[in-house]
Amino acid sequence: MLKCKINGQDVEVAEGSSIIEAFKATGQDIAHYCWHPGLSVAGVCRLCMVEIEGNPRLQIACNTQVQEGMVINNNSDKIKDAVKWGLDFHLINHPLDCPICAQAGECQLQIQYMKFGQYDPEMAERKVKKRKVVDLGPKIVLDTERCILCSRCVRFTDEVSKTNELGIFNRGDHSEIGTVDDRPLDNPYSVNTVDICPVGALTSREFRFQQRVWYLKNETTVCNGCSTGCSTKVYFNEEGMWRVKPDHNDDVNGYWMCDEGRGTPRFVNKDSRLLSAWNGQKDEGQDLEAGAAAKAVGQTLKKVVAEQGSDKVAFVVTGQYTDQENRAFLSLAKDLGVKVYHWVNNPEKMDEFDGLLIRGDKNPNTYGLKEAMKEVGVGSPWSELESSVSDLEYVVVAGPENHFAYSDLTDKVDLFSKANHQVWFVAGDHDVLRAASNKVSLIPTKTYVEKDGTYKNFEGREQRIRRVMTLVPGALSLTEASKLMSGQELLVDGNVSESYRKTNFFSSNERGYL
Amino acid sequence: MFQLSPAGIDFVKTELNRYETKRSAILPCLYKVQEENGGWVSPEAVNHLADVMDIPAAHINEVLYFYTMYNKKPVGRLHVQVCATISCAMNGARELAKHICDKYQVKEGEISDDGMVTVTKVECLGSCGTAPMMQIGNAYYENLTKESAIEVIEDLKKKSTNQ
Ligand code: SF4
Ligand code: SF4
Ligand code: FES
Ligand code: FES
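Same order as they appear, the protein sequences are chains A and B.
Under the working numbering, read the first sequence as residues 5 to 518, first letter to last.
Under the working numbering, read the second sequence as residues 10 to 172, first letter to last.
No wet-lab data here; the hints were simulated from the structure.
If you're wondering where the values come from, they're calculated on a predicted model, not measured in any experiment.
Heads up, a few of these hints could be off.
What the hints assert, rightly or not - Listing some non-contacts, in silico: residues in chain B with all C-beta distances to chain A over 12 Å:
#1 E53
#2 H68
#3 V72
To be verified - Just the calculated beta-carbon pair ranges, DEER-fashion:
#4 B/G47 x A/Q63: 47 to 53 Å
#5 B/S33 x A/D355: 39 to 45 Å
#6 B/K116 x A/S44: 28 to 34 Å
#7 B/Q12 x A/L100: 23 to 29 Å
#8 B/S169 x A/G121: 56 to 62 Å
#9 B/G146 x A/L100: 45 to 51 Å
#10 A/V137 x B/Q12: 34 to 40 Å
By construction, the Cβ of each residue, glycine as well, lies at the ideal position given by its N, Cα and C atoms.
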């Protein structure tokens with residue numbers, strides 16, 4: 005370990021650490037554009053200037069290693085002047101179109117200008133015009149004028165995704181970021197370049213112009229897109245969820261997440277959701293209140309089991325629910341004495357892994373589900389359900405909330421249609437369910453941003469998800485539904501956690517920059 | 010589709026062995042491609058070279074677009090590069106370039122109608138003592154006058170059509 009002094013504060017850092025890492029370790033503020041903790045050092049933006057005692061010239065913090073006993077500061081007037089000039093140079097050719105820029109509000113140029121700038125620019129040169137709104141495929145739009153050539157995105161595609169699409173072409177103030185022949189920047193991790201772009205040069209096609217970022221709140225949670233379980237930040241307002249970004253977690257995802265995981269708003273937001281319970285058959289039926297529907301189902305199940313035997317009912321579970329929900333649901337099955345079957349959505353792909361983050365098991369909690377089934381002592385082979393389904397009175401399904409990962413949904417609805425009734429706990433509103441040929445009950449469930457709980461990822465790491473917002477007030481968690489089905493009542497306050505009280509939409513004051 | 014000749018491929022392989030990293034070999038390999046592709050480096054040629062060198066096309070383009078000595082547009086059979094830096098400029102390089110352009114009725118950087126001549130102004134070619142001068146192919150032509158420059162070009166034109 006090496007001792008050094010940062011702005012008067014003593015710190016110890018590991019041998020080989022750079023000065024900027026020492027700054028980050030003390031939590032002190034330091035301006036920087038090109039340095040990113042997940043990428044190699046480029047040292048091109050010259051914004052991270054520091055003054056080292058005994059060294060006549062200013063140094064960049066990102067590419068200078070800490071030496072024993074170094075005394076470093078970045079709050080002298082000399083530094084402020086240097087950063088001011090650095091910023092002024094970055095802005096020479098920057099178009100300053102903040103009013104129409106999707107990055108405004110979380111742009112590092114704006115942030116640093118407010119800290120070090122607030123001057124009148126001293127550059128009188130004409131700005132070099134470059135290409136705007138360059139189409140880089142289905143996910144990303146590029147504005148080369150806004151780019152400050154920090155090379156973060158290039159290093160990302162070279163070092164992390166290893167897809168090498170991006171490069172800096174031309175020279176001097178004509179330098180421009182781009183892809184070869186404007187080919188799409190479309191790899192499974194490409195939107196990370198949008199996150200790390202400090203300015204509005206790379207923007208996400210999905211998110212740009214949707215919301216001003218300062219109107220959004222954010223909260224950390226865990227992605228439920230696959231069994232990796234990346235730490236994420238979800239950005240939301242009272243209308244719903246607008247985007248997902250990765251949150252730093254060295255143990256799971258580092259600084260990144262996949263593009264698919266950013267698509268969770270597709271099944272979370274209200275327009276795709278089942279808003280109330282429904283009883284019916286072949287598209288005809290009536291809406292019910294979810295709690296009442298769950299209670300009614302519970303009573304019927306008890307009756308069927310008592311009168312016709314427990315082999316007339318089967319429970320189907322998926323790896324889409326939290327540990328707590330799994331336990332409640334499986335215990336209910338155990339109490340009723342009915343069999344439980346694990347619906348595996350894509351058995352051939354379950355063990356796939358792309359070497360970075362993406363796993364073939366598109367469920368957040370398969371591990372937890374298997375563990376809970378073992379603990380509760382339930383679980384029967386799927387083939388048994390397939391052969392016995394036509395003898396069943398009721399199939400009760402804890403269905404997927406991420407139906408995009410369940411391409412076999414229709415097949416399963418057809419299968420369960422052979423029983424007399426099918427009961428679905430499900431977050432989305434699906435036409436195939438309403439159109440089923442037997443009697444159907446649909447009960448709306450909460451999505452992963454509307455409930456508290458834990459997921460266990462592919463390696464059994466327990467991670468907490470949080471209740472961030474409520475989008476469908478009537479929806480139940482599987483825990484709540486199981487309680488109601490077993491005849492208990494929900495306590496009005498029982499489930500509202502402290503964290504939710506502190507950080508609901510109106511009280512959270514987090515605003516996100518990376 | 011542009012393809013390097015067998016000799017060109019051998020050249021690339023040798024260059025690749027010469028350096029520690031593949032990226033270091035891009036410059037000479039691009040020259041080879043330019044030579045074999047009629048004086049310019051086309052996007053297809055870049056993709057082909059990327060395949061041969063087994064490196065991303067973006068890395069090649071980064072080099073290609075940095076240097077003006079690689080032509081990114083087609084050029085005439087004779088690429089007349091007139092030096093227009095100080096010594097040459099003082100000795101009438103701009104007028105010379107204009108004279109050649111007028112003679113072959115071609116704008117700077119474009120190809121004459123017969124496909125023979127492209128004129129560009131370039132930076133110092135290190136032959137300042139014999140200004141004004143121009144480079145065509147790999148040869149220098151020095152101490153030029155308007156007349157001698159045209160003579161040289163006419164001569165080369167004849168040679169290249171006879172071939
Ligand atoms: S596009 Fe963004 S991330 Fe890439 S070099 Fe430019 S400013 Fe940096
Ligand atoms: S890798 Fe899996 S957990 Fe991570 S963001 Fe993608 S889908 Fe979500
Ligand atoms: S962060 Fe150090 S030079 Fe860019
Ligand atoms: S100035 Fe023309 S060769 Fe040097």
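Okay, the hints, checked on the actual structure:
1. Listed as outside the interface, B/E53 is inconsistent with that label: its C-beta sits roughly 10 Å from the nearest C-beta of chain A, within the 12 Å cut-off.
2. Not every CB of chain A is more than 12 Å from the CB of B/H68 (nearest about 7 Å), against its label as outside the interface.
3. A Cβ of chain A approaches the Cβ of B/V72 within 12 Å, the least distance being about 9 Å, so the stated non-interface status is violated.
4. The given range of 47 to 53 Å is respected by B/G47 and A/Q63, whose C-beta atoms sit roughly 49 Å from each other.
5. Look at B/S33 against A/D355: about 41 Å separates their beta carbons, and that is inside 39 to 45 Å.
6. Checked against the hint of 28 to 34 Å, the pair B/K116 and A/S44 fails, with Cβ atoms roughly 44 Å apart.
7. In this structure the hint that B/Q12 and A/L100 lie 23 to 29 Å apart at CB is violated, the actual value being about 47 Å.
8. Against the hinted window of 56 to 62 Å, the Cβ-Cβ separation of B/S169 and A/G121 comes to about 59 Å, which satisfies the hint.
9. Between B/G146 and A/L100, the C-beta spacing of about 47 Å keeps the proposed range 45 to 51 Å intact.
10. For A/V137 and B/Q12, the hinted distance range of 34 to 40 Å is satisfied, since their beta carbons lie about 36 Å from each other.
Consistency with the previously given hints fails for numbers 1, 2, 3, 6 and 7, ordered from lowest to highest.
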